[in-house]
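Top line first, the protein sequences correspond to chains A and B. Counted the way UniProt numbering counts, the first sequence spans residues 1 to 128. Counted the way UniProt numbering counts, the second sequence spans residues 1 to 184.
If you're looking for bench data, these hints aren't it; they were derived computationally from the structure. Heads up, the beta-carbon is just placed ideally off N, CA and C, and yes, glycines get one too. Treat the hints with caution; some may be incorrect.
As the list claims (entries may be wrong) - Calculated cross-link-like contacts (lysine-lysine; reagent style DSBU-like; alpha-carbon spacing at most 35 angstroms):
(1) A/108 to B/112
(2) B/110 to B/56
(3) A/108 to B/91
(4) A/119 to B/130
(5) A/108 to B/102
(6) B/56 to B/87
(7) B/93 to B/110
(8) A/108 to B/31
(9) A/108 to B/101
To be verified - Okay, the calculated bits of chain A under chain B, using three or more residues with CB under 8 angstroms as the criterion:
(10) 83-89
(11) 103-115
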Amino acid sequence: MSLLGPRFWGDFSSFFVSWFNKGRLAVSLFQVPMKMPLKKVSLGSRVQEIVEEEEEEEPSLLDLPELALECILERLSPDGLCSMAGVCSSLRDRCRSDHLWERHLTQKWGRVIGESAHKKWQWHIALE
Amino acid sequence: MSSSAENPTLTAEITKPSTEIATETAQSAKKITLKTSDDQIFEVEESVAMEFATVKSFFEDAPSSTDTVPLPNVPAKPFSQVIEFCKEQIKFKANPDETEKKRSNSEFVKEKTNEDLVEMIPVANYLEIKDLLDVLNQAVADRIQNRSVEYVRSFFGIDNDFTSEEEALLREEHAWAFEDVDED
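Based on the provided sequences and hints, a complete structural model is requested.
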C-alpha cells in the first residue's frame, strides 16, 4: 500500500489534471463555434424581421415634417385642396385653413373684388 | 493632374481612375464620412457634403474634425438618392443653366416612386437642402393634384378615418372638385 501510495496519487492527479484541461479545452472549443453561428443566425433573422416590418409600413404623407406638408398643400390648386380634404380628417382640417385659400382668392379674384371686398372677407374669416 | 505636384498627399486619390477628376479641384477630393440611422457608412466628397446645411454647420463648429458625422434621422436608402441629387446640383453651380437644371430636376423626380419621394422629404428637411425640398414638395403636389381621394390614400399611406356619412357630405360639398380627376 505504502509503495503504491505516492506514485499512484502522483500519476492519478497528473492524469486527472490533464484530462480536466483537455476536457475543458475541448468543451470550450466545442462550445465557441456552436454558440457563435447560433447567435449570428438569430441576430440575422431579427434584423431581417425588422426590415420586413419597415417595408410593410408604407411611408405616410401624414408623417412628413409639418412645414413640408404645408409647402405641398400650398402648391395645390383649389380643386386639389378640396379633394385632399376628402382623404382623411387631419387633411380636411389642414386643407380648410384660411391661409391656403387666401392666396387662391387674391390670385383668382384679387383684381375683381378689389381692396374693400378683400377686407370684408378678412373680417368674415376673423368672425367665424 | 498638375495638382498632384502641388499636393503630394492627394496622389493616392488622384491616381484612382475616375472620369470626374478633371472637373474637381484638389480641395473637393477630400471625403467626409457620414453614418446613417441604420449604421451604413457613406463616404461623400466634401463639396457634396457641404450641400447639406446641417453637415456644413457641423464642420463650421469643428473645422478640423475628421470624425464620422452621425445622421440619426437619415436612413440609407433615401440618403443615397439625396446624394445623387446633390451631385447633379453641384455641376450647375459651376456653370449655371436654369433650363438644363430644371430638366435635370424633373428627370430626377420622374423616375422616383411616391414612396421614394415621401421618404426623401424628411431627409432633405433634416439636412436642410432647400433646393431639393422645393423640388420634392412640388413633385408630390403635382402627383396629388389631379388624383382621386382613393389614389391619394393608397399611394401615400393614409387611412380613411371618415364615417360614410361624413364622406358623402364632403363629396357633396366639394362635388366640383371630384369631377375630371385623372384615372388611377
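Status of the hints after comparison with the structure:
A hinted pair counts as satisfied when its Cα atoms are at most 35 angstroms apart, and residue 108 of chain A with residue 112 of chain B qualifies at roughly 33 angstroms. Distance hint between residue 110 of chain B and residue 56 of chain B is fulfilled; the C-alpha atoms sit about 29 angstroms from each other, no more than 35 angstroms. Under the criterion of a C-alpha separation no larger than 35 angstroms, the hint pairing residue 108 of chain A with residue 91 of chain B is inconsistent with the structure, at around 38 angstroms. Restraint check: the Cα-Cα separation between residue 119 of chain A and residue 130 of chain B comes to about 34 angstroms, which is no more than 35 angstroms; the hinted pair holds.
Of the pairs offered as hints, the one joining residue 108 of chain A and residue 102 of chain B holds, with about 27 angstroms between alpha carbons and a cut-off of 35 angstroms not exceeded. Between residue 56 of chain B and residue 87 of chain B, the direct Cα distance comes to roughly 16 angstroms. Compliance with the 35 angstroms bound is thereby established for this hinted pair. As the CA atoms of residue 93 of chain B and residue 110 of chain B are separated by approximately 22 angstroms, the hinted pair is consistent with the 35 angstroms bound. Under the criterion of a C-alpha separation no larger than 35 angstroms, the hint pairing residue 108 of chain A with residue 31 of chain B is inconsistent with the structure, at around 50 angstroms.
Straight-line distance between C-alpha atoms of residue 108 of chain A and residue 101 of chain B comes to about 30 angstroms, which keeps the hinted pair within the 35 angstroms bound. Residues of the stretch 83-89 of chain A lying with their CB closer than 8 angstroms to a CB of chain B number 7, which satisfies the three-residue condition for coverage. Here's how the stretch 103-115 of chain A fares: 0 of its residues keep a CB closer than 8 angstroms to some CB of chain B, so the rule of at least three is not met and the hint is violated.
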